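J.: Start from chain A and add chain B according to the hints.
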Amino acid sequence: KAGVTQTPRYLIKTRGQQVTLSCSPISGHRSVSWYQQTPGQGLQFLFEYFSETQRNKGNFPGRFSGRQFSNSRSEMNVSTLELGDSALYLCASSGDNRDEQYFGPGTRLTVT
Amino acid sequence: QKEVEQNSGPLSVPEGAIASLNCTYSDRGSQSFFWYRQYSGKSPELIMSIYSNGDKEDGRFTAQLNKASQYVSLLIRDSQPSDSATYLCAVHGSYIPTFGRGTSLIVHP
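Top to bottom, those sequences are chains A and B. Just so you know, we're using the numbering used here here: the first sequence kicks off at 3 and counts up by one. Just so you know, we're using the numbering used here here: the second sequence kicks off at 282 and counts up by one.
A hint or two may mislead.
As the list claims (entries may be wrong) - Facing chain A, according to a computed beta carbon distance under 7 Å, are these residues of chain B, among others: (1) S313; (2) S324; (3) S330; (4) H373; (5) I377; (6) P378; (7) F380; (8) R382.
Calculated directly from the structure, the hints in this document are not laboratory data. Note that the coordinates shown come from a computational prediction; the quantities given were computed from them, not determined experimentally. Glycine included, C-beta positions come from ideal geometry on N, C-alpha and C.
Isolated chain A, as found in the complex (with noise of 0.2 Å):
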């Protein structure tokens, strides 16, 4: 089976500007997470998706949000782009067992 794949691999994008990052999960798979990760925070949850319907939501501002398409497709955007949002964004599918989770390699996004 392909793994997650995840467009752009990286990105950079000025302050103040909007972005989209696509994942497509492994095939079969329903269940896609998006994180953010830092040098200084860790990995961090964003939310969750499955079967086009936000399941579960991370402590982040409203800029960050996302949606999941019919073939579990899901997208990332964050609006009003800051410094502090450069980080390695990472999706993660998952199939039978929600809590299993397989990573995508990741969208590194730097804001100038």
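T.: Showing chain B alone in chain A's frame:
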């Protein structure tokens, strides 16, 4: 605030030795526990899961769980230089996963 604590390390062990990585968590309602390995510049890779008290072995890896002490550990037997990575402990409670900051492991020849 639900927390997962790990010693940041680095933990340095010689090749062939047993590496012991530890993790404590604050949420007593946590039900599932995971260890991920993350090489520098790469994404986390799931290596072990454990759901009930006791030991679970998979190859050179053994995960240990003690819910009463809120403690999870990972033992790596016959450590190899290729095991050098950061090991993340993850705890799932109410389906909100919480990750520790990770322990850096260095296996030297």
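J.: None of the hints should be skipped; say for each whether it holds.
T.: Going through the hints against the structure:
1. S313: Check passed: Cβ of S313 (chain B) comes within 5 Å of chain A, closer than 7 Å.
2. S324: holds (4 Å)
3. S330: holds (6 Å)
4. H373: OK, holds: H373 (chain B) within 7 Å of chain A, min 5 Å.
5. I377: Interface hint status for I377 (chain B): holds (6 Å vs cutoff 7 Å).
6. P378: At 5 Å from the nearest chain A Cβ, P378 (chain B) passes the 7 Å test, so the hint holds.
7. F380: F380 (chain B) check passes; min Cβ-Cβ to chain A is 4 Å, inside 7 Å.
8. R382: At 4 Å from the nearest chain A Cβ, R382 (chain B) passes the 7 Å test, so the hint holds.
In summary, the structure agrees with every hint in the numbered list given earlier.
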